[in-house]
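Spelled out from the first residue to the last, the chains are:
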Amino acid sequence: MPLGHIGLSETQRFLLLALLIGVFSGLLVVLFHIAIDMISWTSLGALAGRFRLVRLLSPAVGAILAVLIVRKIFPRAKGSGVNQTKIAIYSSEGYVSSSTIIGKFAACSISIGSGNSLGPEDPSLQMGAGVASVLGRVFHLPRNNMRLIAPVGAAAGIAAAFNTPISGVLFVMEEVLADWSATAVGSIVLAAVSAVVTMRAFLGNDPLFRIPAFELTHVSELLVYAGIGIAGGLLSALFMWLVETLKEHMEQLPDWRYYVLPPAAGFFTGVVGLWFPEVMGAGYDGLNSALHGQFIWQVLLYLTLAKALVTLLSFTAETPGGMFAPALFVGGMLGGTLGGIAHHFWPLAAAPAESYMLVGMGTFFAGLFRVPITSIFMVFELSASYVIVLPVMIANITAYLLSRKLHPKPFFKMLADLDGLNLPSAEEKRNFQPLRVEDAMYRVSPATAQEPGIRLYPDEPLDAALRLLSVQSRIQVVSRLKQDEVLGTLTLDDVHRAYGIAGQEVEEG
Amino acid sequence: MFLTQTTLRATVSVCAILILSIVATGFVTTAYNRERESLGQSHFNRGQAFAAGGEMNSAIEEYRQALIFSPDQTDYRLSLARALMASKRLDEAQAHLEQLLQEDPTNGVINLLLARVAVERHKIPQAVDYYQRAVYEYWPASEMPARRQARWELARLLDQTGNRSQYIAELMQLYSNAPAPDLKQVAEIGFLLLRTGATSEASEIFRELAKNSPRDADARRGLGEVAFSNGDYVSARHEFQRAQRLAPKNEQISQALALTNDVIDIDPALPHISLAERLRRSGNLLARVLKDLQACLPAPAPPQQPAKPAPAGAQPKPGTPPGSKTPQPEPPNPLQQRLDTARQLLSPQKHSPADDVALQLQDAAQQLWKDRAMFCGQKSASDRALDTVLPRIAHE
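For the record, the sequence lines run as chains A and B.
Per the working numbering: the first sequence = residues 1 to 509.
Per the working numbering: the second sequence = residues 1 to 396.
Pulled out of the complex, with its shape left as it was, chain A reads as follows (with noise of 0.2 Å):
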């Protein structure tokens, strides 16, 4: 047994199965989306080339395949895919049934290959921390380990879906893990490197979009950009309370509408599909021609609103498939229609309204997702310009910043709670400001002679100082430069009445 005796610490073999998964996680991607694609030169092709009533009809029908097999044969399948992982992550351990990545795969790939307007990453997602949990399953890690891997999984899966591998890492940083280790960090990029590896050896090394040169004919354009942020920031705004309305009064009604709403937003789809192709499916071939400039400002603010409310109506609506896709493609066009404007009105200063598309591309999903770092790196990603990072830090962070002022909860937070979960929002963990010792020690003279025993310092948070208590009574706490000065002592009394005082701090605000 040769094998039996090479030894390989918990990390390393953690490594190895990151590895492995990523590698599945892209095979796994590259026939989602070949799938996808099939559907779609069938019905959005072939058929619709020949009879013009299927472009009409298709997603409809799509809608209502997919809602039949995620409701009738794969319940776990329903969603966009975030929620679904954290779900798995926080409440079952990391698990994921296998036949959650089957209904997951057939009803998305139908759904949004058939033209509805929903994206592919999302379910990805999903599909890679299921592809993680089976894994772990069949190497029997342990419950700790479980819990681990599925974002391993599934930074695998947006990544190869996206085929941006430092996005990936950082977005499921970001969302959906909200506190993680050095070896959760190193099997995450691991896991999307490798995905991205073997998605790019079998569907070649093109990037999702062909970006045009980027270029920053002014300073004073920077001006033009924080405006996209802000159109950004309103937008999804208004796009998340849309979404919360209508989910609200939808909840209203009877359990016909899971198998009624999704086709008529097929049909709406179909409808404006009929004078906006570009609208149908993820979009990604109508951000292309936008990004080269083929569509005038006009066309471009139609593509907003029309992709805007056909993704609004098929998300609500619970048809299978995710909102990245449709969140950049919104994004961009808002930010191309701007961008004419500007050159229509400023030509001498303003660059090509697709510079202005490309940086536009982040803010709406910044403000959406409420992942700035994803979004400015993703578009950095995508663009492989360093030019743009200046200009996209602006639109994204002013985009994030208003959307977080007029929508505070974050997107994924709300569909939880719409659907009656309490799930960590890793935005309101980064928000959360906890207790040091210094808001709680008893301040004592510099002067006072040091005790025996343990010894804190006063930006140490109050929670690991609460462990030491049950083995020390009284604390002292020390400055970091004079480890012999003592600027306080710590006591439970000390600590209760600081969570105390915080407590009413809370209520007051």
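What the hints contain is simulated information worked out from the structure, not anything from laboratory work.
Model, not experiment: these values are computed from the prediction.
You can trust all of the hints, since none of them are fake.
Partner residues are not named here, just some residues of chain B that face chain A (Cβ under 7 Å, in silico): (1) Ala10; (2) Ser21; (3) Thr25; (4) Val28; (5) Thr29; (6) Tyr32; (7) Ile68; (8) Glu92; (9) Ala95; (10) Gln99.
Derived coverage of chain A by chain B (criterion: at least 3 residues anywhere in the stretch with Cβ under 8 Å from a Cβ of chain B; other residues may be distant): (11) 134-144; (12) 203-211; (13) 282-295.
On the chain A side, residues computed to face chain B include the following (Cβ under 8 Å): (14) Leu20; (15) Val23; (16) Phe24; (17) Leu27; (18) Val30; (19) Leu31; (20) Ile34; (21) Trp41.
Positions of the beta carbon are idealized from the N, C-alpha and C atoms, including for glycine.
Since the structure of chain A is provided, determine the placement of chain B on it from the hints.
For chain B alone, kept in the frame of chain A given last:
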């Protein structure tokens, strides 16, 4: 930690499944890529058929579809750009061409199309830049005639924009790279050079052409034109006559020969002619100028009748001031005087064969030529011979 038996079995199973998955995905991807290419090709073929039939909008749609399936196909994108240009959708065409140029900045075809877009948009400096890149960048072997076409278009643009030296340089490049059997094109280059005033370059081309193709009428005509431009009308007539023998029905040669004969008939400044001949030609010159001027002047008013005495008691016409006298005939104007002088000079009388008489005739002709420009507009379109001879005499 060591790999346990269970883990080992799981590892082997997973590896086997992985290999099978890779093979299966490979097969599926190959089939997918083949289908993708085939769909792209069929859309492209349909686009070509539509374009050939002039249905550009349908062609554009088909090319777009083809590009969705095969976005890397340069031919598809080029065809789409051409169709868009044909439909005057220049913004879209330019976007596609710029995308192609980004991928292949040294492609001559793309630069040529971008130059044409720039010409359509009246962005002349940009067009010249693209044309120059088109001419000097890479061209596939199958597209070489288009490269020559690009140089022709560049030359014409330079001519239109008055960039004479570059225009001549481009024409000379066209001449030196001209395909061997294309005599017509070589002759065309020669005539264009001649038109722009580059007579020595044109002469070189026509001499070479005549040497290589002695039976080429255009070569002889070209040599005639060169001689005519240099003021060597006798040689020009000789070359035109040779050209006419080679192409008796050629209208251009006949006209050129007639013009040369006319010039010789009225040019008194040609060297090696006798005094009597100079006098005769000077007379011819003045007669021709006079005829030309009379042809464009308004017909003279009929001579006025002498006013009859008004009957007694008759009222003067309204508006006539009381006591006004009968209008007197106006004195002859300076032009009329010069016309009369010219007629007198041309009247049948025996001129003494003296240089001063010939000079008088020439001076009168020149003066009337100036009058002609003043009263009849600028250039003489009807009499090219006069237009050739008179400026030369004035110069001498």
